[in-house]
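Undergrad: Residue numbers (this note's numbering), protein chains in the order written: chain U, 1 to 445; chain E, 1001 to 1250.
Bear in mind the hints are in silico, worked out from the structure with no lab data behind them.
One or more hints might be untrue.
[Stated by the list, open to error] Computed footprint of chain U on chain E; a stretch qualifies when at least three of its residues, placed anywhere within it, have a C-beta under 8 Å from a C-beta of chain U:
{"hint": "1", "segment": "1069-1083"}
{"hint": "2", "segment": "1210-1219"}
[To be verified] On the chain U side, residues computed to face chain E include the following (Cβ under 8 Å):
{"hint": "3", "residue": "124"}
{"hint": "4", "residue": "305"}
{"hint": "5", "residue": "307"}
[As the list claims (entries may be wrong)] Coverage of chain E stretches by chain U, computed from C-beta distances (three or more under 8 Å per stretch; other residues unrestricted):
{"hint": "6", "segment": "1099-1111"}
{"hint": "7", "segment": "1122-1134"}
The structure presented is a predicted model; accordingly, all values stated were derived computationally and were not measured.
Yeah, the Cβ is synthetic: ideal placement off N, Cα and C, and Gly gets one too.
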Amino acid sequence: MTEQGLSHARLNRDVLRTLTETGPVYWWALGLALAVSLVCFFLPWGYQLVAGVGVAGMNRPLVWGMYLSNFIFWIGLSHSGTLLSAVLHITGSPWRRAIYRSAEAMTLFSLMVAVLFVFVHVGRPWNIYWSLPYPNQRELWPNFRSPLLFDVTAITTYLTASFTFLFMGAMPDLAAARDGTTGWRKTLYTWLALGWRGTEREWHHLGWAYTFFAVLIIPLAVSVHSIVSWDFALSTVPGFHQTVFAPYFVVGAIYSGTAGIVTVMFLLRKLYHFEAYITEDHFDKLGRLLLVLSLLWTYINGLELFTGWYSGSSAELETLRYKLTGLYAPLYWAMLLFCAALPLVLTSSRVRHSFRSMLAISVLVNIGMYFERFLIIATSLPRKFLPNTWRDYLPTWVELAILLGSLAIFVSLFLIFVKLVPSLSIYEVKETLPHGKGADGEGPP
Amino acid sequence: MGDYLDKWKQYREPGFPGQLDYAWGLAVDLDRCTGCEACVVACQAENNLPIVGEKDVGEGREIQWLRIERYWEGEYPDLRLRFLPMLCQHCASAPCETVCPVAATYHNQDGLNVQVYNRCIGTRSCAAYCPYEVRYFNWRTPRWDPPLEQQLNPDVSVREMGVMEKCTFCIQRIRLAKDQAKDEGRRVGPDEVQPACVQSCPSQALRFGDRQAPDSAVSKASRSARAYAVLEELNTRPVITYLRKGEEHD
């Protein structure tokens, strides 16, 4: 960030302008996103609640289907947001400041959508609170040995921590918004800013608490996706039963999450004209990160194939055969193309510095990663141990509509968020401006 | 609190499953099985199994707590058909029991893997974990066309949409036998109870009994040289003993 002539006042204005000035494009986009959420998510889900999960394409060996793939996908996308922000905060990378607010929001919203899919997936969602350990008259507790219960615990913890981290980091900006707006917004931000005045003491506490949470978030983020992987790895199903699954899922999650950040940053930059704050430099660094992650991911994928083949067990070999040449083989090879082969072009500095090619790569990586999540379920469960029960799986229109609808929910939440919270960290970007410190004191160390 | 600790200690005692009240088990003699599926029909009638309809059967959602798997061997004309009756194996270390987040499936004091329909929230993870594919999900609300609803067994609950179900070894019959035995101040005899499938098997390929009694039919079967367990290598410790086809018949 070496932009000359950027004044603090202009930065304040630029960012707060995104809150108060709303063009027709925004309203169209929000209206469209909400309409798609309703038509593609909530109506089909309502239909499913009445008619039963039978309206989805699942069958006996394939009792898990696309809903769980979506769950893993959204959880995966939620990584990196907060994780990246926390890691970069601890390592003191200044370029984090322009992106971390939207990255953390992405975490929060994709987690919310993921949790929604748990409700869509189960047969009796109205009873789902039974999986929470609450005291009750019947002395019934959830099953603490169940990886699904680990999941409930890990995800609620991660959700709470991500929300707190995001909220805390946004507090000085909410105060800036409070001071720069009028009307109902002023009332809202007065509440949200929790009486932030920007004294030396407050900055000190914020800095301390922020670093504390950043340190806390890193093991949390790693644990969440490890635990999601145990939903699969703790079974004996060929294709699930792999010791490499925990790192595999964590790497995959950070991979797709980083790609998601690139996409969101590109859009924010275009839509909000943040050209001065989000630069080629950021894309270059994220591109390097993506390249490293893609290599790691490819390695673990090879490992997965190798252990399956090396086991020599007929069930594992059949699962491998089905994965590589069966019904979903085209998806498998497309996944390898998008997530293993294509990202290799990131070795070129020209590609990393081009916004358009970075956007294309990030979107394709996430499509490939969606295939991965889908294939984990759709190529493992159809080939379990007893050949008599083998059966293929085809999602129905309900499942496809709900997938599309979940995307719309995510976009709606994000669109609402960018109007409520400054999507660029004002106080921290100020620190990176020429002439040092911001007018309202120093940011967290 | 003391009560909890006592209960906990009781369950932690070594010697499982010797500590169980009974250890019900089943023996399947593949030499005798003709694949007639009388057991399948009997199970359907006894346990109020939902009739899912033609469309759902085509989509692989039929509910059959007990099914006869068919395996063809060889090439024409040297074809051979083998039957493998497959039902819940009531595994002593069952994968389905550990994965259920609400503990809707657990091992009871009779050594049975039981399913609590009212507790089930329908995550279907038990079925995903089950290597034998013997757990069946109610994808839709079960319906019986009149007058079929009149023939439902009053001793067995009818399951609702969104819950998992599976073979119970006709637990209603076991309960009845235990009640009678209690009134008479004795143990249930090792071969006293018969689930519907065992009762209806014309060739007596299925035998049911208490594995704790050394002279029960199932205990004898488990000592046979032909005894094996399906997918033994997964270490789920199933209680169903299969007796493989004798070589001389092949």
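Undergrad: Run every hint past the structure and note whether it holds.
TA: Here is how each hint holds up against the structure:
1. 1069-1083: holds (count 3)
2. 1210-1219: violated (count 0)
3. 124: holds (4 Å)
4. 305: Violated. Min distance 22 Å.
5. 307: Where the cut-off is 8 Å and the nearest Cβ of chain E is about 17 Å from residue 307(U), the hint is violated.
6. 1099-1111: Satisfied; 5 residues make the cut.
7. 1122-1134: holds (count 10)
Violated hints, in rising order: 2, 4 and 5; the structure is consistent with all others.
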